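S.K.: In case you want the letters, here they are:
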Amino acid sequence: MTAQLPTLPTGPAAGPGDGATVVGESLLRGAWHRLRRSPLAVAGAVIVLLFVLVALAAPLLAPYEPASTQWAGDVTPQSVPGPSADHVLGLDSFGSDMLTQLLYGARQSLIVGVVSTLLGLSVGAALGISAGGLGGKVDTAVMRLVDILLSIPSLLLAVSVAAVMGQSQLSVMIAIGVAQVPIFARLLRGSMLSQSRSDYVLAAGALGIRRRRIVLGHVLPNSLGPTIVQATLSLATAIIEVAALSFLGLGDSDPAVAEWGRMLVAAQERFGNDPRLAVYPGVCIAITALGFTLFGEALREALDPRQRR
Amino acid sequence: MLRFTLRRLALLVPVLFGLSILLFVWIRALPGDPARSLLGERATPEGIRQIRALYGFDKPLVEQYWAYLGQLVTFDFGSSIRDGRPVTDTFLEQFPATVELAFFAIVFAVVLGIPLGYAAARRRGELVDGAVITGSLIGVVIPVFFLAILLKLVFAIQLDWFPTSSRQDARIDATHITNFYVLDGLLTREFDAAWDAIVHLVLPAVALGTIPLAIIVRITRASVSEVLNEDYVRTAEAKGLHPQVVRRRHVLRNAMLPVLTTIGLQVGLLLSGAVLTESVFAFNGIGSYLFDAIAQRDYPVLQGYILFIALIYSLVNLAVDIGYGLIDPRVRVS
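Chains A and B, in that order, are what the protein sequence lines are.
Each residue of the first sequence is one higher than the one before, starting from 364 at the first, in this note's numbering.
Each residue of the second sequence is one higher than the one before, starting from 9 at the first, in this note's numbering.
Pulled out of the complex, with its shape left as it was, chain B reads as follows (with noise of 0.2 angstroms):
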């Protein structure tokens, strides 16, 4: 298991290696001088000269890269030419918005989604099983910011059920010790604050949600159906075993490895859903930050975020890789 784990984590060395060689390409094939592009049109001369010390364009390209490299390493990606704050502060600062966001949004879909799978595989054929795939198809097929917008106008503004935007009630007080803010309020015994941030998330978590939903849907009902089909499934049921115990027993659980790897896998699809719904609803995470950069061509956020994800994405399916191992030993051994 160790052996395994090290040689998952010594593939990702080349991996960010070369996603710095990709960025660094990147900036220089930005259009025009890389300077001016990325203070882009407030571009001052005192300002062109900063960026081209900050990243040396007057030197030798190798050069170039070994000092970029280091500022990598150090996690200096330099400051957004919108407020002038360091990349990595703000990505830092917004980030636990995000993962609750993405967290919310994940349980939604794994709550929903593995029992309505498991129930359409059981009745394959079936109303049920129709309706489901039915709802699993449009759940895919919706793009997410008009599923968000869809959201907003119809439960937020028409029903007034839910608030249209931010993290938080701007009225609440509520005291930040980590920037998970129900985390925070519950840590800080504020259940008031903690609620608000709750009823603040649904919206933004269903529109993110639904495609992760719609896909646990149908890994779970494929995955489910093979395994109803197995000998050991028979075998179990022919001994006279409570069918509840084979269902959780022998059905279950060889049925959610698959759905547990795809879980894992919807992380890529949740930081870049969040630029999306995020900005709909005005939800104060680096989705929101990221997609005012990209609006603005502020290059410096865009390059540090994409490296920011960019990791976190690996290191998650380095996750999922080796927690997939733990689960199942059968993978251990390709």
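In isolation and in its complexed conformation, chain A is listed as follows (with noise of 0.2 angstroms):
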């Protein structure tokens, strides 16, 4: 810890010339052995870990197919079937099986979570890296773009992108992936502005090397760290996003599909009788993100080497 903090006053792995990879290494490793020693941490991990297994193993564990409604004639409008030897956890308000549908369901939080944060990112990032390297007009136009998108409010951001998209999984992709973009934007370039003041990127400037070298091989790395932690936050937010999405009827609306939202939408009216029904769904989507929140938040304290105390 020594070690680094008379050359680090700004930010993490920052080391002149060569020296940066034993500093970024020594650095990931410090990460590493802050994150194992944090029960929190290890907490958010194991939930995102069980989750994104769940995710790419429902069609081994799940009892039977996805969105099968052969028992819709159990469901009567005054109650669902509950746990029973066949449905572990009984059935849901479509009649399918919960226990399937709740293990697909995962598969879908991860399939629009990472996609839409992807997206958001990537997007973001081209925006905010353009933004804080290039400078001038460039970055006045994208921050007042940026300042544009940060005017509303980011769940009707993305309404106001569902309703122009139409009721799809994809719609619902894109419109909390550009909610997400103003974020990343603002992240990457403030980055980037902070570390080209720097005086590893200054000698690196001094050394004659490139401006574009020096923004991809020096500047960029160093900002990972914080751009990971946000994505890993923004998972959260976007699982929240796609319930809340179907909660106002913008969600995808294919019946073929497991999501756990519009389970927690369906169940709504029966939920005086059967609150299960959306308990089931509800907390699922609470412990996903829970996970995701945990384990981004330790993240960054064990990125930061001013946490460390």
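I should point out that these hints are in silico values taken from the structure, not numbers from a laboratory.
A quick note: this is a predicted structure, and the numbers were derived from the prediction, not measured.
Note that beta-carbon positions come from the ideal geometry of N, C-alpha and C, so glycine has one too.
Be a bit skeptical, because a hint or two may be false.
Away from chain B, derived, C-beta distances all over 10 angstroms, residues of chain A [unchecked claim]:
1. Ser523
2. Leu579
3. Gly580
4. Leu611
DEER-style ranges, computed between Cβ atoms [to be verified]:
5. A:Leu497 with B:Val81: 26 to 36 angstroms
6. B:Ala290 with A:Ser531: 21 to 31 angstroms
7. A:Ala629 with B:Ala290: 12 to 22 angstroms
8. B:Ala290 with A:Ala619: 30 to 40 angstroms
9. B:Gly26 with A:Arg573: 33 to 43 angstroms
10. B:Ala290 with A:Arg575: 49 to 59 angstroms
11. B:Ala290 with A:Ala406: 35 to 45 angstroms
12. B:Leu167 with A:Pro584: 24 to 34 angstroms
13. B:Gly78 with A:Gly458: 53 to 63 angstroms
14. B:Arg90 with A:Val477: 48 to 58 angstroms
15. B:Leu14 with A:Val501: 22 to 32 angstroms
Hints are included, so try docking the two chains, each in its own frame, into the full complex.
M.R.: This is the structure:
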């Protein structure tokens, strides 16, 4: 820890020249150690890992085919059959096996969450890097655009996009991705700007290294930490926003796709009689979002050398 | 200070201008014939002609934009395709309800959040701290509408402590001057009406205030623990000041700066959260109206409300910036 601090007034891993790789490695290793020691980080990592495993292995774990409504006859307006030997968690309000739908719902959340976050990240990063790297008019234009996008609360921004695109999985992904663009753009621009003033960039410039190489080879890798942290936290937001869009009637309307948000919305009418119909998907959403939040927060603390006390 | 305020105000102009372009493009990006999609399935040839004339879809784009800008400046967003009422009228009528709800939500968040965050920071690493941190994490990850439904089920339906919906009991014949029901009750001295409005506000306000509460707790905790480590706090303690004086004058006053900004930033969350909360409790504000507008693709309402919300959000953020400049002279320099 003391070895790094003197050269590090602004951010993580800012060592001059080829020393940077060594510092980077030790930072990562240090981060790993700190992550393992924090119980919250471990809890978050376990939830995230379980979630990804369930999402990937849903076809193997699920007792039935997804969206199979062959038991729909058992569902009456008054009640939905509860847990039984055939259906461990009972049926859902559409007459599908609850457990199967929850497992496939994890898959859906993972796909939508990852794709929308990658979308927001790549567009936002492209905007932020060009704003921070090129400066001048590009910077002004990009930041005004970011200001405009930020002037609409993010859920309403997603709603506006989804309203234009219609109800499909793709439009949900794009809507949530667009709402994340300004966050990533701001983050990467700030990171680029703070580093372009740092000593090691000045030194690299003085050595005659080209601007492009400095940006791609030095500045960008050093912005990776905060970006990964934000992406992890954005995954949590994305998973909650998918459900919110479903609640607003803007979700994927394909009944063959199991989706936690839609299950929750469908259960709303039966909530007084059958709270479990809403509680299962609701708890799944909350726990998954909690996992990504815990892991993201722990990652932020682990990657930030100033947080070590 | 004046220059700082003016500069922040000037920054608002390009944002609103850009927003108007964005919304202009948005209307034209709606699937199919914009006039038809604005009217939905109930489009009659007559209605389509009216919408075409209103938005001037047959004219050149630049001309259309100028006409559109003229409408925006006069707050003319057309009328709802569901009830035919002018968008601006319904917004102004419902807005007090949402402000009232948001106010109670933020009061709930602040009154509970600051002491909890402070206690967690004082006992960092102890049981209280762990409980507060875990609680605030759960508060952030529960979907707002799920929490609203849960609260309604437990406290309104099963325990019957609070009403399930609306802003005031229909049997109460209250006079409404401002449309802030609590305030109306106090102004007209109809205290039972005011009390009834408060009772109706409790569950929606708790549902809406939970995420801000969680955020305020975390910011307060972080900010207080940082200030507790400052040299001036140690100095104040070392020179024998009463612990309460140190707490109030040195710790809290400095630690509250980031908390104040955070409270201001919650406005966006409150406005979008209102869409989810109000509809669960059939609370008659802009949120539940917008919810229905989204469900039925009432685009004039959607467009008008989003622009209004963006305007309010930007103005509140501006006010927070200026307020911050007033409290902390260091901000004005940059």
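S.K.: Evaluate each hint against the coordinates.
M.R.: Here's how the hints hold up against the structure:
1. Ser523: Not fine: 6 angstroms to the nearest Cβ puts A:Ser523 too close to chain B.
2. Leu579: Holds: least Cβ distance 30 angstroms, greater than 10 angstroms.
3. Gly580: holds (31 angstroms)
4. Leu611: violated (5 angstroms)
5. A:Leu497 with B:Val81: 26 to 36 angstroms: holds (34 angstroms)
6. B:Ala290 with A:Ser531: 21 to 31 angstroms: holds (30 angstroms)
7. A:Ala629 with B:Ala290: 12 to 22 angstroms: Distance hint for A:Ala629, B:Ala290 holds at roughly 19 angstroms.
8. B:Ala290 with A:Ala619: 30 to 40 angstroms: holds (32 angstroms)
9. B:Gly26 with A:Arg573: 33 to 43 angstroms: With a Cβ separation near 34 angstroms, B:Gly26 and A:Arg573 satisfy 33 to 43 angstroms, so the hint holds.
10. B:Ala290 with A:Arg575: 49 to 59 angstroms: holds (58 angstroms)
11. B:Ala290 with A:Ala406: 35 to 45 angstroms: holds (38 angstroms)
12. B:Leu167 with A:Pro584: 24 to 34 angstroms: violated (56 angstroms)
13. B:Gly78 with A:Gly458: 53 to 63 angstroms: Given a distance of about 54 angstroms, which is inside 53 to 63 angstroms, the answer is holds.
14. B:Arg90 with A:Val477: 48 to 58 angstroms: violated (37 angstroms)
15. B:Leu14 with A:Val501: 22 to 32 angstroms: holds (26 angstroms)
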